[in-house]
Each structure stands twice: as structure tokens, then as C-alpha cells.
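Participant: Below, each chain spelled out in residue letters.
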Amino acid sequence: MAEKDAPKMDELPEQFIGPELSGAILESVDIGIFVVDDDYNILFWNSFMERYTEVSRTEVLGMNLFEFFSHLKGTGWPENYARVFEEGFTFRVYNSPAMFIPKVLDHKGGVFHNIRLYPLFAKKDEVRGILTLLEDVTDRKVVDDRSQDLFEYASDAIFIMNGDGRFTYVNQRTVMEMGLGKEQIVGKFFSDIVDPSSLDGVATAFDRLLQGEEVKGLQCGILDGRGQKVHLEINATPIRAPDSKDITAFQGIARNVTARKKIEDEVKEIKELAERILTAIPSSVVVVDRHLTMHSVNEAFCRLFLTTEKDSIGKNLVDFLPADFFGEEGSEDKVTEVLENIRVGRTYLRNDVTHRTTKGEWRLDFEFVPLPGGENRTLVIIDDVTEREKLEVQRRERIKLEAEVEKLKEVDEMKTEFISVASHELRTPLTGIMLYLDRLSDGKYCLMTETHRTKVVSVMEQIKLLAKIVDEMLETTRLEAKLEDVVLEPTSIKDVVSRSVMKLSSHAENKAQRIELRIPDDIPKIEMDPDRIERVVTNLLKNAINYSPANTNIWIEAKVDHERDNLVVKVIDEGPGVPDIHKEKIFSRFYVIDKSLTRQVGGVGLGLSIAKGIVENHNGKIWVEDGKPGGAVFIFTIPIGRKTP
Amino acid sequence: MARILIVEDAPFIVESFKEIINDQGWQVSGVAKTGFEAIDSYRKNKPDIVIMDILLPGLDGLAAIKKIREIDPKAKILVVSALAKKGLDKECINAGAKAFIKKPFDTKTFVTTLKAIIEAE
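As given, the protein sequences belong to chains A and B, one line each in that order.
Numbers given in this note's numbering equal positions in the first sequence, counted from 1, plus 494.
Numbers given in this note's numbering equal positions in the second sequence, counted from 1, plus 3.
In case anyone wonders, no lab produced these hints; they're calculated from the structure.
C-beta: ideal position from N, C-alpha, C; glycine also.
Where hints are given, some of them may not hold.
What the hints assert, rightly or not - With a Cα cut of at most 30 Å, we get these calculated DSSO-like pairs of lysine-lysine: (1) K901/A <-> K36/B; (2) K101/B <-> K1036/A; (3) K962/A <-> K70/B; (4) K962/A <-> K1005/A; (5) K70/B <-> K101/B; (6) K997/A <-> K938/A; (7) K21/B <-> K118/B; (8) K93/B <-> K1036/A; (9) K809/A <-> K755/A; (10) K1053/A <-> K1122/A; (11) K88/B <-> K962/A; (12) K105/B <-> K88/B; (13) K1122/A <-> K1005/A; (14) K36/B <-> K93/B; (15) K1122/A <-> K1077/A; (16) K77/B <-> K105/B; (17) K88/B <-> K1019/A; (18) K962/A <-> K47/B; (19) K958/A <-> K118/B; (20) K77/B <-> K997/A; (21) K118/B <-> K997/A; (22) K938/A <-> K88/B; (23) K958/A <-> K111/B.
Claimed, not checked - Only some residues are given here: those of chain A computed to face chain B with a beta carbon under 10 Å: (24) F542; (25) V847; (26) L920; (27) R933.
What the hints assert, rightly or not - Computed spacing ranges between beta-carbons, pair by pair: (28) E883/A <-> L58/B: 53 to 59 Å; (29) D1015/A <-> P14/B: 53 to 59 Å; (30) G1135/A <-> I74/B: 56 to 62 Å; (31) N1004/A <-> P14/B: 58 to 64 Å; (32) A916/A <-> R46/B: 35 to 41 Å; (33) N1004/A <-> T115/B: 36 to 42 Å; (34) F39/B <-> A916/A: 40 to 46 Å; (35) F39/B <-> Q888/A: 37 to 43 Å; (36) L58/B <-> E896/A: 51 to 57 Å.
Same shape as in the complex, but just chain A (with noise of 0.2 Å):
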């Protein structure tokens, strides 16, 4: 606390002790005034220390000072004076313990003093004496110390920084909030504890304070003694120093609003939440009051009505409603009913309205709600139920839908029951006539010529033809009723082929039609039932010799397909081929594509829905494709490795 612009001793006489005033004044004034010399020997003592000291002037003048007072030896005085000498300087000290022990005084707890000391120059730099002022200051003292008191245990955070930034004083409050002790955060910089997303709002701050304004209001985290980070609004002013205008310390005041913080965040949040929700949900949404008055409106409300937040806000809803809402009975009647529901709280439904725009039509369900304590707040949520309505139409038709698809598989399965009995019926008769018409060929009954006997046979023929026609319409019939299931076992495709290609060599070579297998030698095994997949086989191989001209190919190829995890078997002939809208109808029962080749080579158009039925009981699939040029090439796929159903 040193200053050098100490006023000259030359100056003094007129300002201080001024040749008529000074001596009165300097008697009269409260305050303590004694003047020593280069040698500490006392040349002034006014009668306030005469009165504060009990020592009078006559006993004192000329003494030396400090062996006077001998008390003052050890307190430091002695060297403070050797020091003004030296320096030349004004040396101050406030709210100093008592430099001398007063005798008319009884301060409990102390008596305190503002020291000056002055240089008295006798030319530029030679200090050739010391004017000292005493105020004593303990009662302003007490005083201070109370309000430091009501600082320390004040309900706010109370804090002095220097002109660095660094705490020089905080009070109880600051302690409690920050979790360190006193004198962790004395001497630390602001800084130290500001939280990071705090520090530019602080930089600011501290600018203005340095610019001699005041910070209201400062919103600041600062991390506690456990890392915790607290929420304070801080109030700061610079402080100046006392005959300057210079600014050397802040003092602020801050509260700790981590908890409001916390509740503002959250509402915030929940706020954020609201719109979000507002935006996303299909619903229209629309806050209105009790006059209808729009104040708030959603994306959905906007994309329905084909207007825009702006466009909405602040208008009556009643302009946006679509005419069906207000029904035949007249706009008024509806509009009353919703603002009397209103008016009473109750909350008011209308569904099932038609919106007509130009981007289409929709229907609506309005749910008007008043809001409680909402000040006359009513949420509207307009739903759009097209859709709605359309799934439920859907819904009824699939449950007629379904009702038919019952009776139709009960009618199948009459069909299955009554196919499956008559194919029996049917067998026994026949089993008869064979047997009979056989005997009567090897002339068991009659004499039997050679043409007899041959017309005969051809009649036993037919019975063949026709035992074989049961026999598939019931592998059909129960392939389709899945009465029995496909026995799978590990089977080489290419000893299938083989075996339905043996079977059926005469009657290609009949035609002088050339059979070509394409399998590798090792095809893997796959499983599959292999009876009912040489069926498959042998009927292909059976159309492809049918339908196809003497003296053509056939070809029969398989492979694995890994990347769909097929097994692939295809007959290709140069036959004609299988027009595109005969492609899908082929594979149904009884259909074939030309009758008369079909008595020729005596189908009765069973043999490919046998082939797909048993394919799909393998979970595979079967078509046709035209081959090149010309030409069939019927494929037909089993998955690898998976259970048929």
C-alpha cells in the first residue's frame, strides 16, 4: 500500500500547516498528528495523542520515538519508518492494530487504526522528517467486521476477486456450494473452475467488468470439489480502488440454481418433446380458444388443410373446417354445439367427415379437448381415418373371402373323399372283367379264332387304360389333399433319370428319337422321394417322346444350383413347343393342348399336374420354357437341404 506521489515538504506549509489556520486546525481535528525527525526524535504531538496517550507533549518532545514507545520495537513500526526515509514514499496501512496503547479508550477486542505516513522533504529526495496521521477506526471497525459477518454467513455466494481474476475473499456460502475449503479457492483463478462450456460467457463478462460495468444476470457451471458441476447466476461489480479510478478487485454475489437449472433444462426438454411429438405424429393438432382462434398448429394440420403455420395462426378454425362438418343443419348449429362443449369443458367428438382438396379425398374423426387451466386452451386432434375405413372394408371382404375359400376346400375335400371311394369302385368291376375277358382269350369259355382273341385283348387294353386313368386321378387327388407325405431319402438324380429313360427307351426308339443325359458323375446326393421324383421325371420324358416329331433329341440335364441351393432337372425336346398362354394352364388336371394328338398318344392330361403336385410336395417348382429354337424345355427345381412340409 505505497504511493509515490507523496506531496514535497516545500509544498506542506501551505497545505498543511499554513502559517495562520494550521496550528488551530491541527489541535482541533480528531485525529492523531506527530511529526519526527531523521533521528525519530519527535518534534509535533498534537493534543489528540496527548488525549490518547496521556502523555503530554512537554514530556515527549524531543524524545526519541521509538525508545519512548519502546512497545513499538518488534511490531515492525521502526522499519516501516526506516523504509519512508529511504524510499521516500507515503506509506498507509488501514484497519491496522493500535500502534500505541490508548489509555482513554476501552475497546473490547482491540482498538484499530488508519496509519499515514508522510516524507517531509527538506530538498528533492533528502526526507528530512515524518508526519504521521492516526485515526483510530475500531469503532467503523465493529461496524465492518458485523457486515463482514452478514457477508460471511449470507445466504449467497459472496466473493472478492483482484484485477487477475483470483479470489482474495469468499464467504461461507461460496465454500458450501464449491465443496472446497477457504483456502483451496483463495488464490485460485475463476478460471480454475469454471466449467469449459462456461468459459467464453465468463471471458465476457470479465471484460465488461474491466470496462467498469456491471454483470447482471451472468449464467455460469462451475465444477465443485467433486466434479460435479453447479449452475450459479452470478452478479459482479468492479471495485475501485479508494482514491483512484482504477479498477483493482471485483465483488459478486452468485446463487446456486443447479436445481432451477435442472427444472428450466427440463421443461425445456419436455417442451422440445411436445413439438417433436407434434411434428411426427400423423394427427392434426391445433390449440385454439374459446372463440376458436387458432394459436397453434402442426405440420399434419398444415399438409391437410393445405396452408402453412403462418397462413393459420391467429385465424378461426371455422374457416378451415370442411363443409361436411357442419352436416345439413346450417354452419351455426355445429359451430354452437362445439363452443358450448367447450365453454362447459366437456370434451366434443365428430367422426366420419368427408375434406374434400384438390389433392383428394379423406375422412376425419375432430376430437375437440378443452385443456383444464388452460385459460380457455382447447386442444384440436383431427384424425385422418381413411385409410381406416379402407383397411376395414378390406377386412370384411377378406373375412368373406376366407368364409369362400372354407367351403371351396370343403367341397375339394368331398371331391378328394368321393374320388378316392370311386377310384376303388371303380377297380373292383374291373378286376372282374380282366380276369374274365382273359380267360375267355385263352378260349376258356368258347372256340376262340385268332381274330376274336385279338379284339379281346385290345378290349383288355383298354381296361388297362382305364385302371391307369383311376390310378392317376387318384395320385392327383391325394397329392393334392397331402394325404400322404413324401419319403425322403439321400437320391442320386442321375440313377433316377436312368432308370425312367430304361423304362421308356422302346418307345423312343420307336420313333427313332435320340435320349441325351447331361447329369455330372458326381452329382451330389440330395434328398428327395425317389419313386415319386422318377414319376416326375418319366412323365416329362413321356410328353417330351409324345409330343415331339420322329428323329429328334431329347436331352435331360441336372445340376446343382449352389447359389439358390437347387437341385435343377430339365428335359429339353424339338418339339413344338408350348405356346405362352397354354405355359401356367398346363400344369392343371385334365388340360391338354391338343385333343387329337392327345388320342393319338393316349394322355388324358394328368401327367404334368402329377409332376407339379409332387415337385411342390418337395417344396420345388416346375415350368416351361421355350427352348432354341423352338422346342420344350421343361425345368423343375428341389431345394437342397430342407424339409419338405
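Add chain B to chain A, keeping to what the hints say.
Facilitator: For chain B alone, kept in the frame of chain A given last:
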């Protein structure tokens, strides 16, 4: 001379069977129209071979096969059926039948099969 029991509910088939059997110089030991009749007849006449239909009134052929095999574990039975149930042949063989022929069949098949069964031990 082989003695044969015919179990069959269709009379004209029974007649044709009888003719074929007689032609071969074998003898019809009896004719049964139901499963129960078949068991009774087998007990009474102890035929060398049984020609058995499956779909019969009352006790069906399959049950009759089992019963007859109980009475005589060595009983020789040929099944002739118009039933197209898959696996029926195996079922009959498992029950103790020697062979299975599906109706309709020709005389040759019928006779060959019968001969094979009769000659087998």
C-alpha cells in the same frame, strides 16, 4: 393239392378266382365274405393259402391277417386289394402277408404269385 381260402366280398370276382384255381388243379377250401368268416373258416379248414381282400364288411382284411397269423404263425396269405392307399402293401407284409397284388391284375400275374407262395417254404 393246394387248398385255398378265398376272402372276397365281390361274388363275380370270387367266381373268377374259383375258375382259375380249379384250372390249376388246386382246391378251394372255403369262401369268406367278411374278416370274421375268414378267421372261422381258417380255423375249421386249415387251408394252405389265403387270398385276402382288404376292404371287407366288419373286420377288415388287415385285422384278419393279424388274427390268422396269431392262430397259425405259418399261415400263407396273398393280399389282393383295390385300395390305393400308399404303404398298404408294406403294412400287409408287416402284418404277415406273403405278397400283395393291386387290383386290377391279369390272370398271369395272379397265378404266378400264387404258385410262388405255394412252393415257398
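Participant: Work down the list of hints and note, for each, if the structure agrees.
Facilitator: Results for each hint:
Among the hinted pairs, K901/A with K36/B is inconsistent with the structure: their alpha-carbon atoms are about 39 Å apart, more than 30 Å. About 34 Å separates the Cα atoms of K101/B and K1036/A, which puts this hinted pair outside 30 Å; it is violated. A threshold of 30 Å between alpha carbons decides the hint, and for K962/A with K70/B the separation of about 33 Å lies outside it, so the pair is violated. Pair hint K962/A plus K1005/A holds up; C-alpha atoms about 23 Å apart against a cutoff of 30 Å.
Only pairs whose Cα atoms come within 30 Å are accepted, and K70/B paired with K101/B is accepted, the gap being roughly 15 Å. A threshold of 30 Å between alpha carbons decides the hint, and for K997/A with K938/A the separation of about 33 Å lies outside it, so the pair is violated. For a cut-off of 30 Å, the pair hint linking K21/B to K118/B stands: about 15 Å separates their Cα positions. Between K93/B and K1036/A, the direct Cα distance comes to roughly 29 Å. Compliance with the 30 Å bound is thereby established for this hinted pair.
A C-alpha spacing of about 36 Å is found between K809/A and K755/A, which places the hinted pair above 30 Å, so the restraint is violated. For the hint pairing K1053/A with K1122/A, the CA-to-CA distance comes to about 19 Å; that is within 30 Å, so the pair holds. At most 30 Å may separate the alpha-carbon atoms for a hinted pair to count; K88/B and K962/A meet this at roughly 15 Å. Straight-line distance between C-alpha atoms of K105/B and K88/B comes to about 10 Å, which keeps the hinted pair within the 30 Å bound.
Annotation: proposed proximity of K1122/A to K1005/A holds, straight-line Cα distance about 21 Å (limit 30 Å). Distance restraint check for K36/B and K93/B: the Cα-Cα separation of roughly 23 Å lies within the 30 Å cut-off, and the hinted pair is therefore satisfied. Pair hint K1122/A plus K1077/A holds up; C-alpha atoms about 16 Å apart against a cutoff of 30 Å. At roughly 23 Å between alpha-carbon atoms, K77/B and K105/B fall within 30 Å of each other, so this suggested pair holds.
For the proposed pair K88/B and K1019/A, the alpha carbon gap of about 28 Å is at most 30 Å, so the pair holds. With a CA separation close to 39 Å, the supplied pair K962/A and K47/B exceeds the 30 Å bound. For the hint pairing K958/A with K118/B, the CA-to-CA distance comes to about 24 Å; that is within 30 Å, so the pair holds. For the suggested pair K77/B and K997/A, the alpha carbons sit about 37 Å apart, so the restraint of at most 30 Å is broken.
Taken as a hint, the K118/B and K997/A pair is honoured in the structure, with Cα atoms around 27 Å apart against an allowance of 30 Å. Straight-line distance between C-alpha atoms of K938/A and K88/B comes to about 34 Å, which puts the hinted pair past the 30 Å bound. Between K958/A and K111/B the CA atoms are separated by roughly 14 Å; this keeps the pair inside 30 Å, and the hint holds. Hint status for F542/A: violated, given a least beta-carbon distance of 136 Å to chain B, over 10 Å.
This hint is violated: V847/A has a C-beta 63 Å from the nearest C-beta of chain B, more than the 10 Å allowed. Look at L920/A: its Cβ gets to within about 8 Å of chain B, closer than 10 Å, so that hint holds up. Taking 10 Å as the C-beta cut-off, the interface hint given for R933/A holds, the closest approach to chain B being about 6 Å. A beta carbon spacing of about 57 Å between E883/A and L58/B agrees with the range 53 to 59 Å that was offered as a hint.
The hinted range of 53 to 59 Å is satisfied by D1015/A and P14/B, whose Cβ atoms lie roughly 57 Å apart. At roughly 49 Å, the beta-carbon separation of G1135/A and I74/B lies outside the given 56 to 62 Å, and the hint is violated. Taking 58 to 64 Å as the suggested C-beta distance range, the pair N1004/A and P14/B does not conform, at roughly 42 Å. Hint check: A916/A to R46/B, Cβ distance near 36 Å, so the stated range 35 to 41 Å holds.
Under the hint 36 to 42 Å, the C-beta atoms of N1004/A and T115/B, about 28 Å apart, miss the expected range. Range check, F39/B to A916/A: Cβ separation about 28 Å, and the 40 to 46 Å hint is violated. At roughly 59 Å, the beta-carbon separation of F39/B and Q888/A lies outside the given 37 to 43 Å, and the hint is violated. Between L58/B and E896/A the beta carbons are some 36 Å apart, a value that contradicts the proposed interval 51 to 57 Å.
Comparing the model with each earlier hint shows violations of hints 1, 2, 3, 6, 9, 18, 20, 22, 24, 25, 30, 31, 33, 34, 35, 36; every other hint is respected.
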